[in-house]
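A.B. asks: Kindly produce the complete structure, drawing on both the sequences and the hints.
Following our numbering, the numbering of the sequence shown begins with 529 at its first residue and continues without gaps.
To be clear, the hints were calculated from the coordinates, so they are not data collected in a lab. Warning: the hint list may mix true and false statements.
Okay, derived cross-link-like pairs now, EDC-like style, lysine to aspartate or glutamate, Cα gap no bigger than 16 Å in a straight line [as the list claims (entries may be wrong)]:
#, residue 1, residue 2
1, 564, 582
2, 939, 922
3, 583, 873
4, 674, 695
5, 800, 832
6, 659, 873
7, 719, 696
8, 583, 869
9, 719, 706
10, 719, 776
11, 820, 650
12, 579, 600
13, 641, 672
14, 564, 604
15, 868, 657
16, 713, 777
17, 800, 873
18, 800, 721
19, 951, 922
20, 583, 765
21, 719, 745
22, 719, 672
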Amino acid sequence: MKLAPRLALLLAAAVVAATACAPQTSDDSSSGKDEKSGTLRVWLFQEVNNKPKEKVVDAVLAGFEKAHEDTEVTVEYIPVETRAQRIKAAFNDPASAPDVIEYGNTDTAGYVKDGGLLDVTEEFAAWDEAKDTDATARQSVTVDGKVYGAPYFVGVRALYYRTDVFDELGLKPPKSMDELAATAKRIRAEKPDLYGIAVGGAYTYGAMPFIWANGGELATGKGGSYASAIDSAAAREGIEAYTSLFGDDNCPAAKCAGMGGNDTVTAFASGKAAMAIGGDFSHQAVEAGEVKGAYAVVPLPGVEPGSIAPAFAGGNNIGVLRSTSHRTLAVDLMKRLASKEAQDDLFGAMGFLPTFTDVRQRVAAEEPFVKPFVDTLAAGTKFVPASAAWATIDSSQVLPTMFQEVVSGKKDVGAAAGDAAKKMDDAFGSAG
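C.D. replies: The structure is reproduced here in structure tokens:
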């Protein structure tokens, strides 16, 4: 996902599947070699301010090279925005491909389908530290029961609120989703220059907790075979709960329907909203805004008073390419980069939340701001379907279109959800 300049850098590594087209990949790119010396190539994501990350990585590489004689590592930091083209092209060209890569956790299923990632199930199971990996992070590297990498960091969202506004109006942080809506509308009524809570019709990962908290799911299935569940009765309740926040009594649809996650955080940071759903990685943007010193964060409440809404667990993973000719070395390097020590250091340098539960609890004690996000993770998070189809669903804006159709009045919840479900099922079917 240091907390002033460090946390915002997670934005640069947002874990949304890339939309660019890429060439077809080979069905069998395994080299079958396991050389014990030579040069290993690593591709990691370029951050907004990359120097702190480089320092952490360099320390890992120094230890790796010391442990393995006649071995060296070269690292290239690649832009997040063009990762799809670069990585999928590498799947087709083993001679110039890296051995180890960082990748977004929503990319796992697609890369596995492309035949690009190495199955490291046995090595992961034998790794002593792996037992402390949280369940959702483990899920993000798992496809059809096999493991294709190691979780690197996790990002999660919670509820930011203006303490000055709440104090002035005698309000308490909401304990349920009904209270959230009522509080937002009261603020808007008493302070019409503010959004009660900034919401966005294009803010997929801010809307998902409303669906999950109401018992809905994005899809059902496993093993690569999924069917949309976005039009189920429970999911429709969640869609209704989220879209009810759009309107003149909170966040006018004309202004808010097109807003994404960054837009809602910007509205909060600039003092235009009393509440917003933002990530641990949004902290620096808020600290740099007009509301510095006048806000706090709590977990986003669920349906039942006192409960926490399930949040999407974003983040990145470290994986080994099937084409590597240094399997043993590459897997060892993967584990070192994603180790407890490295994740602890990465949090200190960048603010990225560790995927190990014990490490995360320790850093939360060191940085009180992190606690609401850690509590959210501990309450249970959710992930997108482990299907290669998710990249298509996400890039096609299926869910934002659904929300926007509802808030604009073009369709009711049932019709919009039904159309979204059909699009999702078409994508699942095409992905095989």
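A.B. asks: Does each hint fit the structure? Answer for all of them.
C.D. replies: For each hint, the structure was consulted:
| no. | hint | in the structure |
| --- | --- | --- |
| 1 | 564 x 582 | violated (25 Å) |
| 2 | 939 x 922 | violated (21 Å) |
| 3 | 583 x 873 | holds (9 Å) |
| 4 | 674 x 695 | violated (51 Å) |
| 5 | 800 x 832 | violated (29 Å) |
| 6 | 659 x 873 | violated (20 Å) |
| 7 | 719 x 696 | holds (11 Å) |
| 8 | 583 x 869 | holds (13 Å) |
| 9 | 719 x 706 | violated (20 Å) |
| 10 | 719 x 776 | holds (12 Å) |
| 11 | 820 x 650 | violated (48 Å) |
| 12 | 579 x 600 | violated (21 Å) |
| 13 | 641 x 672 | holds (11 Å) |
| 14 | 564 x 604 | violated (22 Å) |
| 15 | 868 x 657 | holds (7 Å) |
| 16 | 713 x 777 | holds (6 Å) |
| 17 | 800 x 873 | violated (35 Å) |
| 18 | 800 x 721 | holds (7 Å) |
| 19 | 951 x 922 | holds (11 Å) |
| 20 | 583 x 765 | violated (47 Å) |
| 21 | 719 x 745 | violated (35 Å) |
| 22 | 719 x 672 | violated (51 Å) |
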